[in-house]
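K.L.:
Sequence:
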Amino acid sequence: MEFDEDQNREREESDHTGELREAHDNGDDEENEEKRRDSLEQFDFQLDELIRKQVDVQRRRKVDETKKRAAIDSVFDERTYFQLQRILQKGILDSIEGIISAGKEANIYLGYDQEGREVAIKIYKIDSNTSKWMRNYIIGDPRFKKIPKNVAKIIHLWASKEFKNLKRAFKAHLRVPEPYYVQNNVLIMEYIGFGPIPAPKLKDIKQPINLEQLATECLNFIKKLYQKADLVHGDLSEFNILYHNQKPVFIDISQAMSTHHPKAEKFLVRDIKNMYYYFEKFNVSLPDPSEFYYDIIQTHSAR
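For the record, in the sequence shown the residue sitting at position 31 is 31 according to the numbering used here, with numbers rising by one throughout.
Check before you lean on any hint, since a few could be wrong.
To be verified - 27 Å max Cα-Cα, derived DSS-like pairs, lysine-lysine:
#	residue 1	residue 2
1	K125	K153
2	K104	K149
3	K206	K228
4	K223	K281
Stated by the list, open to error - Distance windows between CB atoms, simulated:
#	residue 1	residue 2	range
5	G116	F292	25 to 35 Å
6	H260	F292	33 to 43 Å
7	G103	K273	15 to 25 Å
8	F239	K153	22 to 32 Å
9	T299	R79	36 to 46 Å
10	N210	K132	21 to 31 Å
11	K90	E217	33 to 43 Å
12	G103	E265	21 to 31 Å
13	P287	H260	17 to 27 Å
14	K90	N283	46 to 56 Å
15	Q83	I209	22 to 32 Å
16	V151	K263	17 to 27 Å
Simulated from the structure, these hints should not be mistaken for laboratory data.
Beta carbons are placed, not taken as given, at the ideal position from N, Cα and C, and that holds for glycine.
Please put together the full structure from these sequences, using the hints given.
P.N.:
Here it is, written out as structure tokens:
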């Protein structure tokens, strides 16, 4: 009994370093079963650390710990681990801090580059279910001639597609995150927010300031994206517009398609309808939607 009491006392007094050492010793006992983890030993980006550093401070939601871990686990397969390790070793990233948001298509994490600049790291899930609907947005886009059948390769193509779409939109001086780097299912881009607090989505703002100006900027985005970047967003709504410094920043344009896509005009109409539906709830005066639509496509055709 005295031995047990001494042992318990020692455990209570052990510091964090001692706990890590004990975990390492236990790991040595199961070395054969944990070869994969040992191979990633140098990669100190652990799942539990991600959960501890959760940066979704703004919403302050009490999310079950199991659900948070499941959201993180959903993108961190072995291939993604090794890929992030290589990105860190190359100096493209200095650190990865924690999860900003988790979605059906991808998770987004806050990170820092070698210059200490905040960046957003979007990691797409290698999932056969998401790859099925992704194909519908890729097929018919003249920029992508060969469409792979392999699930992972489709996801990699999807990440590359968003990177290219962001480059086009950014080059056209539209308010989108600047893209920095893409490799397989990892996209690194400009972080929109203040410190660890990401910019909220427009849907979470009860009463945006200067709604008329905001509506004008959103409609101008649709128009300029079509006319200057030759793209249609395809899924534009208050759910994928960030509200930062009282200005809209347009995100999630992985599904954006070329204006030459056979369904481009159909998705253009949907984007217009979504924006009109949102702003009409605030009784904002808007131009006639049909006139706005024809102004976009006719001006583009006349170029």
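K.L.:
Each hint: holds or not?
P.N.:
Hints, verified against the model:
no., hint, result
1, K125 - K153, "12 Å, holds"
2, K104 - K149, "20 Å, holds"
3, K206 - K228, "32 Å, violated"
4, K223 - K281, "22 Å, holds"
5, G116 - F292: 25 to 35 Å, "43 Å, violated"
6, H260 - F292: 33 to 43 Å, "21 Å, violated"
7, G103 - K273: 15 to 25 Å, "23 Å, holds"
8, F239 - K153: 22 to 32 Å, "28 Å, holds"
9, T299 - R79: 36 to 46 Å, "45 Å, holds"
10, N210 - K132: 21 to 31 Å, "41 Å, violated"
11, K90 - E217: 33 to 43 Å, "37 Å, holds"
12, G103 - E265: 21 to 31 Å, "27 Å, holds"
13, P287 - H260: 17 to 27 Å, "26 Å, holds"
14, K90 - N283: 46 to 56 Å, "52 Å, holds"
15, Q83 - I209: 22 to 32 Å, "41 Å, violated"
16, V151 - K263: 17 to 27 Å, "23 Å, holds"
The structure fails to meet hints 3, 5, 6, 10 and 15 from the earlier list, while all remaining hints are met.
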